[in-house]
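Residue numbers (the UniProt record's numbering), protein chains in the order written: chain U, 1 to 445; chain R, 1 to 445.
If you are wondering where the hints come from, they were derived from the structure by calculation, not from laboratory data. Bear in mind the structure is a predicted one, so any value in this text is a computation, not a measurement. Hints are supplied without guarantee of correctness; some may be wrong.
Only some residues are given here: those of chain U computed to face chain R with a beta carbon under 10 Å [said to hold, decoys possible]:
1. Glu-2
2. Asp-8
3. Ser-10
4. Val-72
5. Ile-82
6. Arg-86
Below, a list of computed lysine-lysine pairs in the DSBU-like style, where the Cα atoms sit at most 35 Å apart [as the list claims (entries may be wrong)]:
7. Lys-279(U) / Lys-402(R)
8. Lys-4(R) / Lys-279(R)
9. Lys-402(R) / Lys-402(U)
10. Lys-4(U) / Lys-402(U)
11. Lys-4(R) / Lys-279(U)
12. Lys-4(U) / Lys-319(R)
13. Lys-166(R) / Lys-4(U)
14. Lys-279(R) / Lys-166(R)
15. Lys-166(R) / Lys-402(U)
16. Lys-279(U) / Lys-319(U)
A virtual CB, placed ideally from N, CA and C, is assigned to each residue, including glycine.
2 protein chains.
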Amino acid sequence: METKILLDESRLPGRWYNVVPDLPAPPPPPLHPATREPVGPDDLAPLFPAELIAQEASTDRHVDIPEEVREVYRLWRPTPLIRARRLERALDTPARIYVKYEGVSPVGSHKPNTAVPQAYYNARAGVRRLTTETGAGQWGSALAFACAQFGLDLDVWMVRASYDQKPYRRSMMELYGARVHASPSTATASGSGILAEHPDSPGSLGIAISEAVEVAAASDDTRYALGSVLNHVLLHQTVIGEEALEQLALVDETPDVIVGCTGGGSNFAGLFFPFLREKLAGRMDPVIRAVEPAACPTFTRGRYAYDFGDTAGFTPLLKMHTLGHEFVPDPIHAGGLRYHGMAPLLSHMYELGLFDAVAKPQRECFEAGVLFARTEGIVPAPEPTHALAAAVEEARNATSEKVILTALCGHGHLDMAAYDRYLSGEMRDLDLSVDRIEASLSRLP
Amino acid sequence: METKILLDESRLPGRWYNVVPDLPAPPPPPLHPATREPVGPDDLAPLFPAELIAQEASTDRHVDIPEEVREVYRLWRPTPLIRARRLERALDTPARIYVKYEGVSPVGSHKPNTAVPQAYYNARAGVRRLTTETGAGQWGSALAFACAQFGLDLDVWMVRASYDQKPYRRSMMELYGARVHASPSTATASGSGILAEHPDSPGSLGIAISEAVEVAAASDDTRYALGSVLNHVLLHQTVIGEEALEQLALVDETPDVIVGCTGGGSNFAGLFFPFLREKLAGRMDPVIRAVEPAACPTFTRGRYAYDFGDTAGFTPLLKMHTLGHEFVPDPIHAGGLRYHGMAPLLSHMYELGLFDAVAKPQRECFEAGVLFARTEGIVPAPEPTHALAAAVEEARNATSEKVILTALCGHGHLDMAAYDRYLSGEMRDLDLSVDRIEASLSRLP
Numbered sequence: 001m002e003t004k005i006l007l008d009e010s011r012l013p014g015r016w017y018n019v020v021p022d023l024p025a026p027p028p029p030p031l032h033p034a035t036r037e038p039v040g041p042d043d044l045a046p047l048f049p050a051e052l053i054a055q056e057a058s059t060d061r062h063v064d065i066p067e068e069v070r071e072v073y074r075l076w077r078p079t080p081l082i083r084a085r086r087l088e089r090a091l092d093t094p095a096r097i098y099v100k101y102e103g104v105s106p107v108g109s110h111k112p113n114t115a116v117p118q119a120y121y122n123a124r125a126g127v128r129r130l131t132t133e134t135g136a137g138q139w140g141s142a143l144a145f146a147c148a149q150f151g152l153d154l155d156v157w158m159v160r161a162s163y164d165q166k167p168y169r170r171s172m173m174e175l176y177g178a179r180v181h182a183s184p185s186t187a188t189a190s191g192s193g194i195l196a197e198h199p200d201s202p203g204s205l206g207i208a209i210s211e212a213v214e215v216a217a218a219s220d221d222t223r224y225a226l227g228s229v230l231n232h233v234l235l236h237q238t239v240i241g242e243e244a245l246e247q248l249a250l251v252d253e254t255p256d257v258i259v260g261c262t263g264g265g266s267n268f269a270g271l272f273f274p275f276l277r278e279k280l281a282g283r284m285d286p287v288i289r290a291v292e293p294a295a296c297p298t299f300t301r302g303r304y305a306y307d308f309g310d311t312a313g314f315t316p317l318l319k320m321h322t323l324g325h326e327f328v329p330d331p332i333h334a335g336g337l338r339y340h341g342m343a344p345l346l347s348h349m350y351e352l353g354l355f356d357a358v359a360k361p362q363r364e365c366f367e368a369g370v371l372f373a374r375t376e377g378i379v380p381a382p383e384p385t386h387a388l389a390a391a392v393e394e395a396r397n398a399t400s401e402k403v404i405l406t407a408l409c410g411h412g413h414l415d416m417a418a419y420d421r422y423l424s425g426e427m428r429d430l431d432l433s434v435d436r437i438e439a440s441l442s443r444l445p
Numbered sequence: 001m002e003t004k005i006l007l008d009e010s011r012l013p014g015r016w017y018n019v020v021p022d023l024p025a026p027p028p029p030p031l032h033p034a035t036r037e038p039v040g041p042d043d044l045a046p047l048f049p050a051e052l053i054a055q056e057a058s059t060d061r062h063v064d065i066p067e068e069v070r071e072v073y074r075l076w077r078p079t080p081l082i083r084a085r086r087l088e089r090a091l092d093t094p095a096r097i098y099v100k101y102e103g104v105s106p107v108g109s110h111k112p113n114t115a116v117p118q119a120y121y122n123a124r125a126g127v128r129r130l131t132t133e134t135g136a137g138q139w140g141s142a143l144a145f146a147c148a149q150f151g152l153d154l155d156v157w158m159v160r161a162s163y164d165q166k167p168y169r170r171s172m173m174e175l176y177g178a179r180v181h182a183s184p185s186t187a188t189a190s191g192s193g194i195l196a197e198h199p200d201s202p203g204s205l206g207i208a209i210s211e212a213v214e215v216a217a218a219s220d221d222t223r224y225a226l227g228s229v230l231n232h233v234l235l236h237q238t239v240i241g242e243e244a245l246e247q248l249a250l251v252d253e254t255p256d257v258i259v260g261c262t263g264g265g266s267n268f269a270g271l272f273f274p275f276l277r278e279k280l281a282g283r284m285d286p287v288i289r290a291v292e293p294a295a296c297p298t299f300t301r302g303r304y305a306y307d308f309g310d311t312a313g314f315t316p317l318l319k320m321h322t323l324g325h326e327f328v329p330d331p332i333h334a335g336g337l338r339y340h341g342m343a344p345l346l347s348h349m350y351e352l353g354l355f356d357a358v359a360k361p362q363r364e365c366f367e368a369g370v371l372f373a374r375t376e377g378i379v380p381a382p383e384p385t386h387a388l389a390a391a392v393e394e395a396r397n398a399t400s401e402k403v404i405l406t407a408l409c410g411h412g413h414l415d416m417a418a419y420d421r422y423l424s425g426e427m428r429d430l431d432l433s434v435d436r437i438e439a440s441l442s443r444l445p
């Protein structure tokens with residue numbers, strides 16, 4: 001009767017899995033906004049090193065994980081797969097619930113799975129410095145940790161509102177040696193421009209991206225790093241699913257349902273891509289489901305169209321499910337899920353019918369988070385409470401044995417203020433009107 | 001070349017180790033403050049259930065861990081033993097550094113190791129509610145988690161200054177279902193009395209203990225729980241050392257030096273008691289060293305004498321190294337090490353010469369904490385940075401191969417403000433004058 005299914009380090013995956021060659025149709029390419037022609041490697045070279053650009057467009061089924069990256073992964077990987085028996089008991093369900101727990105990483109989330117290889121490939125290409133943006137700080141701290149491992153400098157543009165309200169994540173980035181700028185900042189032309197007009201701007205992820213991209217593009221020894229959305233990010237996260245596949249096999253289980261939360265999509269993709277490979281090969285047949293916040297329902301209420309990845313419109317056009325690049329989600333507590341778009345690869349796969357999606361209001365999610373904490377001990381971050389809410393729903397509805405797999409992509413020790421609001425009854429589920437979505441979608445490029 | 005040495009759940013210890021029967025002399029008993037006679041089980045019955053009272057005075061070498069407790073331990077135990085290769089490389093040392101990491105527990109520290117059995121024995125004795133005090137909140141959140149597992153109510157008196165400044169730990173306790181009172185509170189006579197005189201009192205651990213004890217003593221279905229100092233607490237923590245012993249054996253190592261941080265002493269005792277057993281049996285010969293903060297140097301500058309465990313003088317008299325029960329340590333960031341006394345069992349063993357002790361100023365400790373975070377990724381809590389500083393010192397001084405073992409008793413995700421002060425240069429090492437210690441010791445009971 002194991003509680004945690006562990007893999008020893010000799011079973012750490014040796015390669016990432018690329019789902020693209022196994023799909024019935026290739027995903028549509030990103031387009032240059034001016035020409036509407038597909039973007040080529042040269043267009044991306046100012047921002048990313050050659051190996052990451054190659055991975056972005058790769059059609060190889062597998063990419064070997066460099067030994068230098070595996071050595072850092074071993075600081076916390078393989079991560080445990082938890083059989084949530086105490087939760088099952090509380091739900092009085094015949095279902096068996098397995099939770100792949102990524103909160104054991106140094107920064108407490110799945111983000112280092114891609115931060116580490118991104119830092120590695122940049123360092124190997126001779127890059128001296130990276131730039132990035134961060135909202136609440138999860139991605140920024142992961143990349144700061146990764147840069148410390150490979151001797152890279154890092155400048156992070158952190159949305160001003162978070163910079164002021166969440167000093168702990170800023171401190172963590174600085175502890176790892178990064179420089180953190182409140183965005184908008186006077187360090188860039190785009191930031192200065194916004195400050196000139198709006199001296200009190202609270203910032204936004206879109207503005208922070210613009211600043212980080214501007215600095216990277218202007219300097220030969222500096223590149224840019226992104227924490228979700230892109231193909232190479234999803235690729236790196238497949239270590240989650242590869243391990244979970246092996247862990248379930250150790251206890252002779254195959255999943256009947258796989259649920260994961262989606263913001264940009266990297267955690268969900270990382271969990272299910274390897275299982276989808278097995279499903280496409282006829283070795284299992286799980287239902288696969290994305291869970292998104294009702295306040296930012298990209299899959300379930302967005303449009304599948306070409307749109308910008310950022311608010312300011314600096315990125316290539318990406319074919320994806322989008323609420324419009326000017327859409328500003330309500331300030332729900334799952335900050336990591338407040339993204340107007342979706343990973344283009346996942347959007348393509350959703351159109352192919354390879355998984356389904358549901359949207360959940362935040363109070364139902366926090367209810368599941370509290371139940372999980374009280375039974376299993378771990379305090380989930382607000383983002384994976386969406387996945388837990390879907391897992392709890394599946395378990396409650398189960399009338400016979402059923403294996404549910406989900407991912408707990410991070411702990412919530414730095415998100416206690418959100419639980420405070422939930423427990424005090426102050427948290428609200430905000431209605432998102434059709435008009436607001438339509439208004440935003442009417443301004444697609 | 002393993003990075004983490006893992007044990008699977010089948011190797012979870014089946015019993016706790018009681019060091020008392022292996023000592024050359026028994027520890028002096030606690031005394032009743034009025035009679036100065038040894039305290040008996042009846043004196044303790046209003047506060048603790050019979051099984052914990054029996055463990056407190058036990059001379060059995062081993063105590064079986066109940067299966068219900070092991071089942072909860074399995075949520076995070078066995079914990080990893082980390083070979084800190086990246087730190088070794090940064091130090092360019094021939095030493096090998098092993099770190100037993102307790103931060104993987106649901107609340108991020110070693111405290112649940114004793115919170116869980118304490119909640120279990122109370123629940124089995126028919127107790128309905130526990131009371132406790134907490135400073136920064138580590139112990140309170142561990143006990144809240146444990147009470148949630150066994151269906152016990154919990155009231156926590158949290159020092160007012162922390163209650164106001166560290167809302168995250170309060171939220172965590174409430175998330176697990178506990179009621180948290182800012183101390184001094186109007187819920188008790190002792191709290192009300194203090195508030196009548198000092199309406200703005202910031203509280204203290206001593207006051208909070210008085211409130212928790214008062215409520216437990218006044219109610220038949222309520223008992224009190226303490227997170228360190230007592231024999232049964234040290235006993236429960238020996239799972240740390242038992243696992244570490246087995247993990248080192250798996251890689252064919254025996255420690256040359258064992259260092260641990262000491263506040264009340266439970267983490268240090270939990271780590272080294274099993275190794276001391278092996279040393280006394282002639283199977284290894286490690287140097288064993290306690291590391292305490294220079295601002296609260298109980299072992300190195302305190303007196304070995306009978307003193308109260310709390311500030312108000314409500315507890316039995318304990319023979320221990322003490323700076324005097326009225327001593328108020330400077331507000332260093334390692335809140336968990338700011339205790340005027342020391343576990344009586346450890347004090348007795350120190351007098352027997354079974355280990356030595358050093359005091360470290362906090363900036364040296366944070367320097368080690370930053371180095372550890374940048375190399376190994378994990379952000380240490382301020383308390384174990386003391387142990388890390390001693391480990392780093394040992395490694396720097398090593399001229400040949402040497403095996404250093406230490407414990408990282410918790411992560412620092414909720415202590416980032418302390419790193420902020422260190423990194424900004426605002427942190428100071430405060431001198432502790434002989435006069436201040438002497439003045440406090442002159443008021444021993």
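Could you tell me which of the hints above the structure violates, numbers in ascending order?
7, 9, 12, 14 and 15
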